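A.B. asks: Produce the complete structure using the sequences and hints provided.
Chains as they are written, first to last, in this note's numbering: chain X, 68 to 387; chain V, 204 to 776; chain Z, 1214 to 1597; chain B, 1013 to 1156.
It should be emphasised that the hints constitute simulated quantities derived from the structure, not laboratory data. Check before you lean on any hint, since a few could be wrong.
Straight-line C-alpha distance at most 20 Å; calculated SDA-like pairs for lysine to any residue [unchecked claim]:
| no. | chain 1 | residue 1 | chain 2 | residue 2 |
| --- | --- | --- | --- | --- |
| 1 | X | Lys-352 | V | Asp-640 |
| 2 | X | Lys-153 | X | Glu-120 |
| 3 | B | Lys-1018 | V | Phe-768 |
Residues on chain X that point at chain B, a partial pick, calculated with CB under 8 Å [stated by the list, open to error]:
| no. | residue |
| --- | --- |
| 4 | Thr-208 |
| 5 | Tyr-215 |
| 6 | Arg-216 |
| 7 | Ala-339 |
| 8 | Ser-347 |
| 9 | Lys-352 |
| 10 | Pro-354 |
| 11 | Ile-357 |
| 12 | Leu-361 |
| 13 | Phe-367 |
| 14 | Ile-368 |
| 15 | Leu-381 |
| 16 | Ser-384 |
This one's a predicted model, so the numbers in the text were calculated from it and none came from an experiment. Just so it is clear, CB atoms sit at the ideal spot from N, CA and C, and this is done for glycine as well.
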Amino acid sequence: MADKLQIALYWGAACGGCDVSVLDTNEFILDVAAVADIRLWPIAVDGKYKDLEAMEDGELDLAIFNGAVRNSENEHIAKLLRRKSKLMLAYGACAYMGGIPGLANLTTREKIFETAYLKNPSIEWGNGVVPQPESGINGKTIDLPRFYRRVYRLSSVVDVDYFLPGCPPQPDQVKGALLAVVKGELPPKGSVVGAFEHALCEDCPRTKNEKKIKQFYRPWQVACDPDTCLLEQGVLCAGVATRSGCGVRCPKSGIPCRGCYGPAAGVVDQGAKLASAIASIVDSKDPEEIEGILAGLPDFISFAYRYGVPASLLQRSYRQ
Amino acid sequence: MEEHKIGVYVCMCGTNIAKMVDCDDVVRTASEQPGVVCAKTYKYMCSNPGQEMIVADIKEQGLDRVVVAACSPRMHEPTFRKALQTAGINPYFLEMANIREQCSWVHDDRQVATEKARALTLGATRRVANHQPLERMSVEMCPDVLVIGGGVCGLTAALELADGGNRVHLVERASTLGGNVARVDLTAPYLDSARDLMTALVTRVEEHKKVDVLTRSQVSSLEGFVGNFVATVETIWGDSASVSQFKVGNVIVATGYKEFDASRVTHYGYGKLPNVITSFEFEKMLRAGRVQTKEGKLPQYVAIIHCVGSRSKEFHTYCSRVCCMTALKYAQEVKSAVPSCYVSDVYIDMHAFGKGHEDFYRRGSEAKTLFLMYGKNDHPVIRKAGPGDDCEMLIEVNEKLSGEVIEIPADLVILMVGMEAREDSEAVARLVNISRDKDGWFIESHPKLDPVATTTDGIYIAGACAAPKDIPDSVAQARAAAGRILARTIRGVIDIDAVFAEVTEDKCSGCRVCNELCPYSAITYDADKKKSSVISALCKACGACVAGCPSGAIAARHFTDAQIFAQIEGVLA
Amino acid sequence: MAIRVNPKLIDELAVYGAEDVQNCYHCGNCSAVCPFSKEPYIFPRRPMRNLQMGLEDKLKGSLEPWLCYYCGECTEECPRGAEPGETMMSLRRWLTAKYDFSGISRLFYRSGKIELLAVIGAALLTALGFVLWAVWQGGSIHSYDGPNAFLPAGSIHIFDWVLAGVLLVLLLTNCTRMWWFTMGRDKTLNASVGLYLKKLYALPLHFMTQKRYAKCEKKRPWAVHLVLMLSYLIMLVLIMFFLVEMSASTIDWRLHVFGYIATVGLLGTTIFALRGRIKKSEPLYAHSHETDWIFLILLIVVAFTGILQHILHRAGLDAAANVVYIIHLMGVVPMLALEVPFSKWSHLAYRPLGMYFSLVRAEAKRRASEEAAQPVMVTQRVVG
Amino acid sequence: MSFEPKIVGFLCNWCSYTGADLAGTSRIHYAPNVRIIRVMCTARIDPTFVLKALTDGADGVLICGCHPGDCHYSEGNYKMMRRYPLLKSILAEFGIEPARVRLEWVSASEGQRFADIVNDMTQRVRELGPSPVRTALVQDMAER
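C.D. replies: Okay, structure coming up:
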């Protein structure tokens, strides 16, 4: 048994898509099962936290953590897994950069509770119950995980060995990463695996020309030419500022890239870079006109930082 | 990041810095920085002893990075770079902190000034640790020149260059040289024959050993960069075409203009009324020595209408510059051909700015030319005259000087058609990588201070391809462009600054965002590799593409993200 | 309706002396310096423009030329040597020709030769006529006055009146034509008789004082012109009413003194004018049309012979006096008969008229515009 | 002692940096709060620099370049002009007061103008108080 790989999979603040993406490797998962013991995987196999706690430090070979860190439970398990595992893999956009849950950093915990528990039209009005870390019921106290003020990427909570981007990661890339571990062909610590260094455009089949933009369109506003770059046609596409590795799925099917694979290698802040590039090719020298053209990019921030607010330089909103 | 040995030198600049900044304190904080192995103050760092001190330290202590906190780098950066060079390390291992112009001279509180000086020095120290060795290089400059366009401008430029000893390839689309001037009879204001001017010029060019003339030809491609262009020219022989290719160092674009198409203006009835003709058609008449109506009668009334296609909202808003004097010339030529004829000159304004032009205008009115003025936003209308009238046509004008609505008798109407950019100007612009203004004229690198150069190094524009011009101005520009090129080719090489942008090929995704950003067209896109790259010889290091590259694939030498980040951290530390 | 331009008119006017008008490029300096140029009469610029464009009809109806006294400042200011002053002068000549129904004036202005011939012809006829008549009525060349005077003053007096009558008729017809061109035919202008009467004072006033001329910056031309004009007038009065007393052998100082003053005035000013024209001392003298010369020469001849015959008669040399008298008449008759209705002299009538009409016209226009500005009152009829 | 903001200034080499030097040579005194970083052209300024400065503790960021039309590289400053509104909108979304980041045109001859801008901006940022970024990030760490 000991010669088998010891693996744990866990989800933090996530949609579950990452877990599904592991299953999307189809039969391959059986080969994995053949060479590895899956010690913890809440979504697929039975296993309790206490089992995990019971393990020796470093007993696991690989911990695959998907999802962001939103509350004390996420953090607790992350730390636990880190302690018990030799390798820590941040799996998917959320673990890597904060992901969609990370968008919550643009608002406040209070606002979120308000929307979810007080002002939500689908809940019973007026009782105003908001989850409390601790609450007493007939003399006993129950505690809930603490809901943090903001979302964190995994690496700001624990030391991460590898990052596997994607929302969700592409099955082939997952296979690649797992095989690397199985074969023990490990890249240097801290590297992004299952993706390339360069940006998406290199693998995008659409033809590119010199870019000048006079007007921006939402994807539904125009019928885009299937063979030329979407950005040139005024449709905001994050591909230029996004690491390749997904297989260009979205642009190939006519949908602009949303940047789930994160910034290209060496880029510090994906959103800022995208803003810099997009604005630079606006075709005007007149301040008013420029404002007008850029007004065609409503809620730009949620696009530019869709998967990476907690991983960005500013990390969160500072609105009081 | 590998460890460095950094030396920090804080200049007192006599008392200029020292009196407002506690230099020793700056040295103290600097010396606490990682990598700083020596930190000193000195009275005048730029003085010989000052420099010698730095040189000595570099040699003895093996410093590999140097920070000088002193005056503005715009002042002494070259000085200290030289010092580093003499000490035998790369001159770009230097960074200056500007603690005089931007600190001691502008603040009056010694404590805060010192604090700021500390911050600036720290910024420089952090930055310099990220500096990389850079080498200036120089490429050889091919003395041969490509001149596009065989009009008066191209011919003049070609001769100027050829007389200077440079080989010139003169490419002309048409089958003969001479361009538009060759279509003109006399020239204003001195009324000497354009034909004589041109024949002299053309024969000299054709006989010149250093000029090879390619008529019926056009440039199909221009590759490379300043000093090292490769031009491909196609020549049509009847139905067969031959392709020639040659290397040139510089290019003069002298493609000239084309006259405005009068039939675009409806109210003059050009094309419908047989005796409404354009200025160039009239030139033809004059050259044939026969001023008469289509019916072969001598005209009793001739009317000349100015600004056809110029200075109007619907066509071109600019002034075509030569029409006024040409019109006056016609008035006089008509009078001398048909003395009994009455000439009306219908204009918006009379632009007689040039040498001898005002006198020419005066002569025109002395010859009893009837000058009539119409409004800029309104235009004369020509109609056929009735049987009772003693003339062919009647021109109705709202005459501004009298405030009357009048009609002018005319047997022959000459439309002064303006100049406009040739329809192939866009193709030419793309070919040689220069830009055009809203009217299609080529844009100069500076309208006043650099009128014949363009933003693409090695490409010059001269004559009426940049804006309407008369013969003297075109000739002047031709010689100016030729002069610029002679001055550059005489050295044989061109230096390229070590500071420019570089594309890291395997990081470039070929998105082509950067392509449009370069004002010098220094970025080329390789369609096969699907990668963009920077021609360092053309790059002027502004960094637009660097900031614009969404995948961080372009690096600005000496202004890398790492260096600037380090400096930010430094000044805020 | 657009007005037809006539590029040829400028050539026609050249004959009348406007040889440089084409040089004008309408900077407007001329109108700016002219003390008389103000709305609605802007000149010389406007007439010059109409002349360049050959708007003949507008010119024929214009009063501006008569408002100009040719002080010559415009000409001095003109940056292009377009001679505005001379152009106005030429326009006056051209207008005189237009006003004259007979066409004789046109002939004279277009060719000095013809006028000269006419003058000479008239002079000879006069001489012949008077000599024959003198002989027929049995006068003796040796007696100047008295029973068998060669040319009895009484009869000459009658002749004067007849001639004056004829001339007056001619002149008045031309004046009427002037009125028609400048005022009458203008439909847009409604000047009431009352208005005409109201402004009538202007006629004698300007005629006697040349008041406006005095406004010119240069005073000398005005003075000369005034003296000449008044002397001429006195002389006319004396001849028309006191001819007999004048030629009587006894000198009546109350009367003769005027004769002497007028004579001196005439001689002086004429000589001054001639000198000027020969030396071209003033812009106004710079360009002399043949008609100007003929007018002055006749004047001086008449003045001179007038004095001479007077002296000779007083000296008792009757025969000589009579001869000179004939010569005198040879000057007087053509001068009156030809100059008054057909040539330069006529401006004595046209200028004051022009000034008078200009006042009427301006006032009429002013009233019209005022009425236009008035709100229209609508009175409502109440139906009972 | 009242709060003294730290402001990072990105100045283009040809106009604004020279303008600042001119302020120096003409001894025009102004607030000491701006620490200048030289770039060749405002076109080189990546919004990342601004965010970087803010996260590293800058209370404000001043960007100065050639006046439109006067750029040494003919059109570089227009690129910054285009990035600026987008950068501002991003900052606004992150809840950072717009007055903390400012784009100004200063020519090589406008030493006085540069001084005035620095004084004015320093005053404004002083009124805004310290940037929330640094402190907030520290709090976040403490929260867990």
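A.B. asks: Are the hints correct? Go through all of them and say.
C.D. replies: Now for the hints, and whether the structure bears them out:
no., hint, verdict
1, X:Lys-352 with V:Asp-640, "holds, 14 Å"
2, X:Lys-153 with X:Glu-120, "holds, 15 Å"
3, B:Lys-1018 with V:Phe-768, "holds, 16 Å"
4, Thr-208, "violated, 22 Å"
5, Tyr-215, "holds, 6 Å"
6, Arg-216, "holds, 6 Å"
7, Ala-339, "holds, 4 Å"
8, Ser-347, "holds, 5 Å"
9, Lys-352, "holds, 5 Å"
10, Pro-354, "holds, 6 Å"
11, Ile-357, "holds, 5 Å"
12, Leu-361, "holds, 5 Å"
13, Phe-367, "holds, 6 Å"
14, Ile-368, "holds, 4 Å"
15, Leu-381, "holds, 5 Å"
16, Ser-384, "holds, 4 Å"
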